[in-house]
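A.B. asks: Residue numbers (the working numbering), protein chains in the order written: chain A, 10 to 178; chain B, 10 to 178.
Take these hints with a grain of salt, some might be off.
Identical chains share a label here; the pair holds if one copy fits it or two copies do between them.
In silico DSS-like links for lysine-lysine, alpha-carbon gap of 25 Å or less [to be verified]:
| no. | residue 1 | residue 2 |
| --- | --- | --- |
| 1 | Lys157 | Lys122 |
| 2 | Lys105 | Lys132 |
| 3 | Lys157 | Lys132 |
| 4 | Lys105 | Lys175 |
| 5 | Lys124 | Lys175 |
Since the hints were derived computationally from the structure, they do not count as laboratory data.
Number of protein chains: 2
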Amino acid sequence: MATTMRDMAEEVGIEAASLYNHIQSKQGLLHEICFGMSHRYLNNLERNLHARRTSNLRSVLESHLDIILQYTDEAAVAESEWRHLAEPARNDFRIKRQNYEDRLLGLIELAIKQKRIRQMEPKVVLYTVLAAVQWIQRWYSERRNIDKGILKQNILSMIFEGLETKGNG
Amino acid sequence: MATTMRDMAEEVGIEAASLYNHIQSKQGLLHEICFGMSHRYLNNLERNLHARRTSNLRSVLESHLDIILQYTDEAAVAESEWRHLAEPARNDFRIKRQNYEDRLLGLIELAIKQKRIRQMEPKVVLYTVLAAVQWIQRWYSERRNIDKGILKQNILSMIFEGLETKGNG
DNA sequence: CCTACCGATCGGTAGG
DNA sequence: CCTACCGATCGGTAGG
């Protein structure tokens with residue numbers, strides 16, 4: 010895993026061995042972070058599906074962005090390190106993640122059928138949309154100088170309305 | 010680094026020590042992959058800037074996608090592992106990457122000024138656009154069943170025209 | 001919270 | 001291409 014116990018110890022100014030007074034194990038900490046994040050994403054989806062009858066991809070993605078902006082570091086760790094979870098946790102996590110993606114895919118397919126979004130390969134839409142919201146957790150920690158409101162608004166606008174000006178002629 | 014010499018040896022069916030008959034060192038291999046990729050991206054940009062006078066963000070991104078689709082595995086390694094380059098290579102790489110991003114940012118800022126793309130925070134546009142083309146190198150190796158042409162077309166269309174249907178009323 | 005230390009695993013070398 | 005092995009570093013424990 011990218012960050013060693015000695016890295017973490019140095020960051021808080023103690024010896025590596027002393028970290029074990031605060032956490033059970035490195036695996037335990039990773040487990041907490043990963044499942045904490047997948048719980049937040051799935052809860053958000055659940056809440057959205059119950060709040061409105063025509064479930065709205067845009068509002069799910071907006072809440073997804075809120076979660077990432079609130080838990081940026083944890084989101085980054087979960088995304089880059091979940092593969093190092095020990096079995097069976099790793100498989101549990103994969104299933105939860107797959108479930109989230111499958112349900113987003115369902116929303117996309119429905120929106121295409123209802124012609125609310127254009128005719129495209131649903132999986133390409135899914136991964137592009139996820140990438141568009143998830144770059145924050147990889148890069149934003151180094152560039153926190155962009156206002157969160159503008160960030161959210163611009164990303165959602167790019168996803169749904171695209172880059173190009175419309176009434177150009 | 011994520012992949013050990015013993016992993017790589019197993020993949021090709023020899024002992025770890027025997028790999029050193031084919032490569033100089035693990036660092037040397039990483040160096041080759043990372044700088045090979047940044048060379049391709051920068052060359053592509055150079056070619057595009059000279060080919061047309063109004064430099065076209067769309068054509069640069071299309072060629073960027075072509076490179077990723079042709080060198081998917083190398084692109085994935087460079088993106089996820091360049092931080093493990095030893096200095097001064099790591100800093101050299103960072104400078105090349107920064108240069109590429111800065112020049113893309115320049116294209117975006119120009120297009121906004123010329124009202125060819127909508128008024129948005131240029132850096133948010135840059136990172137969203139890069140994320141939209143780069144998810145392939147993280148995920149496509151597991152999902153190669155999507156046609157490359159459709160993939161390219163859909164991603165570029167999402168970036169520039171967005172998801173939503175336009176003439177809906 | 002520390003020092004001292006463990007077995008496992010890493011990238012890499014020697015010698016054939 | 002192999003066996004045998006190296007020093008360094010990892011996550012973690014013992015004992016205080």
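A.B. asks: All hints are to be evaluated individually against the structure, with a verdict given for each.
C.D. replies: Now the hints, each set against the structure:
1. Proximity of lysine 157 to lysine 122 under the C-alpha cut-off of 25 Å is restricted to the inter-copy arrangement: shortest distance 23 Å between copies versus 33 Å within a copy.
2. Taking CA atoms no more than 25 Å apart as the test, lysine 105 paired with lysine 132 passes inside one copy only; the shortest distance there is 18 Å, against 32 Å between copies.
3. In this homomeric assembly, lysine 157 and lysine 132 come within 25 Å of each other (Cα to Cα) only across copies, at 13 Å, whereas the closest approach inside a single copy is 28 Å.
4. Proximity of lysine 105 to lysine 175 under the C-alpha cut-off of 25 Å is found in neither arrangement, the shortest distances being 39 Å within a copy and 34 Å between copies.
5. For the homomeric pair lysine 124 and lysine 175, the shortest alpha-carbon distances inside one copy (19 Å) and between copies (10 Å) are both at most 25 Å.
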